[in-house]
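J.: Hey, can you piece these two chains together into the complex? The hints should help.
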Amino acid sequence: MNSFLPILRGIHGVWLREIMRATRDKGQLLGGVSRPLIWLLILGVGLNPYFRGEVFGEVRLVLPYSYLQFLFPAVIVLNIMYTSIQFAVSVIWDREFGFLREILVSPMPRWAVLLGKVLGGATAATGHGTLVLILARFADVTLTAPQVAQAIAYMFALSFALTCFGVVLAGKVRSFEGFGVFSNTVILPLYFASSSVFPLDPSLTRTQLVASYPEWLIMLIYANPITYAVDALRGILINFNQFPPQIGFGLVGIGMIGFFLWALRSFGR
Amino acid sequence: MIPAAGFPNRQRLHFTRASPKPYICGLSLRPPEGYGRGEVNQTNCQEADFAGRSISLLIQPHETAERAGPAVRVEHLSLKYGGQVALDDVSLSIGRGSSFALLGPNGAGKTSLISVLATLREADKGLVEVAGHDLRRASRQVRLSIGMVFQDPSLDDRLSAEENLDFHGRVYGMPGRARADAIDRMLDLVELTGWRETVVRSFSGGMKRRLEIARALMHEPQILFLDEPTVGLDAQTRARIWAYLNRQRCERGLTLLTTTHYIEEVEDADRICIIDKGRIIAEGTPGQLKRELGQSFLHVVAATPADHAALLAAYPGAHAIGAETLAIPAGEEDFVAGFLARFGNRLREMRFEGPTLEGVFLSLTGRVLRDRTDGEREAQRNAGRRAGRR
Ligand SMILES: Nc1ncnc2c1ncn2[C@@H]1O[C@H](COP(=O)(O)OP(=O)(O)OP(=O)(O)O)[C@@H](O)[C@H]1O
Ligand SMILES: [Mg+2]
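One line per chain: the protein sequences are X and V, in this order. First residue of the first sequence? That's 1 in my numbering, and the numbers climb one at a time after it. First residue of the second sequence? That's 1001 in my numbering, and the numbers climb one at a time after it.
Note that these hints are calculated values from the structure, not bench results. One or more of the hints may lead you astray.
Unchecked claim - Listed next, the in silico DSS-like pairs over lysine-lysine satisfying Cα-Cα at most 27 Å (straight line):
1. V/1290 / V/1125
2. V/1208 / V/1080
3. V/1290 / V/1277
4. V/1208 / X/26
5. V/1080 / V/1125
6. X/172 / V/1290
One chain only, chain V, in its complex shape (with noise of 0.2 Å):
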């Protein structure tokens, strides 16, 4: 942990712990000691040895930012299939450079939500604006600033890697050498170069799933939509890519819309909303909304059949996870020493769990947040597929 201390303004400290390098984005401090505002203003993104580990820091400008207007702008959004709601008079903001994160349930509205900003559906109501552009009269505009990762595959997979790529660079009207150029980054970014010339078809589904991040990456977008983007990704690379769209934030001010079920990924983002049967339920920072929201658990396993009967019968607001597992509730400050009292003796195992965002999703939705299971995922993928068909 770097000690704060060290950041005279400690407003919006932030890092990702995900990457190797941490990057600190979106602060407005007065530099450490030793690095004079002049030199740190030379670059957008100045790398600073800091206790002992190397840091980029990002100056933004924020007054400029602030000016061009947040990127995405959504008020009173509502979107409706034949007579089903979708999404219900949404309205967010999401600034320029940060990373905002939609978390909701499956069937929340996540996908829909992507869909309307990213012009592939047409909302019954309501002002969006991404990028600075009205959706409706300057779609081209809006189209051209995005990147779109979609939650369902979308490549054609009878085309190489290299072809998949060269197509998307002529059809966002790259020119010949941009389009070579960034086909070379972007291959090396996901670490697909060896199987450039390879027909998509025969790759993983997690390689699939990384050629697509590169596609939507490969235009340099202002702002990228990722849908689920990291399921089914191993953890070495989505630390690859979630530090190569961090330092895109810190250069040049990537803004990133992100819908995950990864949690760990969620706590990473500047802002959160909670999305739930197409309404947004909560929405604020990690910090914001586990102080908030958040409450403690103790999970615990107890002992025996009997005890678990107990425990359910002193504890009615104990949730279930899994077969043996209890998270009970541990709001008041001596909650701990007084079940300790009673049950100390008849457990098997007890963890204390502080606030978490799983535990604000609880206790705003009354569900469980996990992962789905692949087959699961596949199931609903193909139940998409049709109910997408016309």
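Pulled out of the complex, with its shape left as it was, chain X reads as follows (with noise of 0.2 Å):
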């Protein structure tokens, strides 16, 4: 107890400054809320008309959501993904600048200061998801008090374990000038290869997929997490699961605690 309070008081410390840096970095905030406008009013709005009906013809889904809806969910991951594996240039930051000398140095547990950093991480990644609520109404999804916190709660947990994903790739990346291009090598793959943008119709059964998809792109999107990380969040959103959402929030968890155990690993090290 009498150690427990001092460290809470640190905890909160780091807190702060993350958050401080986050609200204070023009480009970033920029990037949080222009990200999602140009998702779902470019590409959402471009492609809904495509979404359902006739394709050459021929009827190749039949959800009962509009691709805004569809897509909505999905969104709000890519943002709450950007912010938190960006997060490790704060990291990279630390290190280059030798702040992370001066954390260093404080009684602090490594532990609590690796916690303070990645909850703030995770709180401004939150932020970024809940910004892309208010888009809500354009997107056609009515959303009830509930289903709100419950998304919030949800996409904290995700931030969570992406922000400390992203502390692990800071330790891994040597300079500033090449997280930029190596974070959208990470992102933007990850998200492609899952059911964010195109969904796999949970009607057809695995043949049937095959014959619309190629095998290897099934195989992927299978394989990536992220497909049940936004799988979970569609079904608090729009009632629309395509896998079991346990799933989802079983490698939310898992990601939490194994990534957090590896972040601690590589950091200040």
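T.: Okay, here's the thing in structure tokens:
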């Protein structure tokens, strides 16, 4: 107890600094706002008419949702992915500009420092996810209060796991300069190779799926954890699941713990 | 100069010239007439008017200080980076409330030693105790009791001065009120109160340095590590900070471990340790070192280049300082008389220099200790940053 309160204060301090960093970084804020707008308003609205109905005289998909509704949860996940993984920049920044040493000579245990940082990063990412929720009415998604609460809680858990993943990446990257490119090569493939921008029709059997998509893509999508993460959020927001939502929740839970421990190993060494 | 005769016991009589009010620390003396022992003992630090100058007397509780053990104890410490030896069998002990200076050329291992003491690097071999705690077993206690001013910048320059200090206070577990008080006090000390809400990025180098010192002192550490702390500070600020540090030593037994290139600051230290290539090559009080290792030098500028050459030929032991000046060791009693007889009319300038720490350093390492230029420092800082990156 005697040493618990100071540690709590320390975690709060580290968290606060991350929040200040995130809210003062105009570029990041701009990205957090413009990204969902572009995805929803341009990609979503643009592809909306093609989603359902006939393509070259053939019915491809039978989903009770519009493309905008379908894309909406995925855009939230995309926004979270960007902000969380970009968080690595904060870790690299601390290391490069010497601030990390100031933290490491402090009496805070290493796990507490990391926890504070990751909570800060996850809060910022959840904020960017919640920004997208405001656009719900443009995507024809109606939300009840419990749905919003559930979604925010889930988004926070997902942000936490991904932020830890960002810290792990920071441990592997030596310089700032490369990180922007690097993060794009991680985020975009992960995002596209999940069923985020195109649906796998749950009513189709696997053989039927293979008939409409190449085998390798289906394999990729099944192997990609983001598929399940997006799917669980779809369940919450538009009540549509391609997989049992437990898979998504379970993966996020495992990711939170697993990536945190992994990040702890690389952090501050 | 204060007449030492006023102090019956002259052991460890010492005051800092840098401070406007000299402080005398670590005295074990019978107070001078008119200052009864009881009176002095009421507070730890007593202002006294002596020989027309205001002095602070510290009556340090010697017995308790000794019982508590040294502030830092290092035994047979070794550290390697890859295969390269940075510290080689270093042993030293720093008394509580004392001021200890590490002196050494670039790459000597000063920063490495401080990093080990501050738990930032793990030593390969050896025992280290800081504030009475074993470094390996109680690193949290160690970190609680130390303050650190890094050689390289370590502020978050996107935060304001106040936010930097506030972060520090929180991370050291200070409660809100204590934190706010400490921030006010520290900003006042380093005269940055007017810059409280300014983002650090727009600070000058010296202002950043001041803020770093304020930050290191904020949680009232028992031991303060200062790695070349006053580089880039003007003389006034330096004096002010040293005065504060010395007052802290008097009032609450703060221990100082400094590395510095300003020889005049080292002269004020209680003990000096000269380190080179990772090894301690000399240790003692400034007086001791000067007595035992110091040499007198005659600094001369020859009238013509021919005279210069003649001087060099006559005194092969002379060191060149700059383009014209020669430092000729003046060891023997009647050296100067003999020198003047030979070269007296062939000189443009002459200055006699008694034993100095520079001389000690020169005779031990064969190198002149001088300040690096700022450009060099910056280059080295960047190189260090690159090396520190993994
Ligand atoms: N991170 C590192 N990796 C490898 N070698 C290092 C590292 N840090 C320091 N060294 C080496 O260890 C030796 C001691 O360096 P250190 O920084 O302790 O010197 P210093 O006395 O502080 O020098 P300066 O006066 O320039 O600050 C040097 O030879 C340096 O090259
Ligand atoms: Mg150094």
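J.: Hint by hint, where does the structure go against what was stated? Just the numbers, ascending.
T.: Going through the list in order, the structure violates hints 1, 2, 6 and respects the others.
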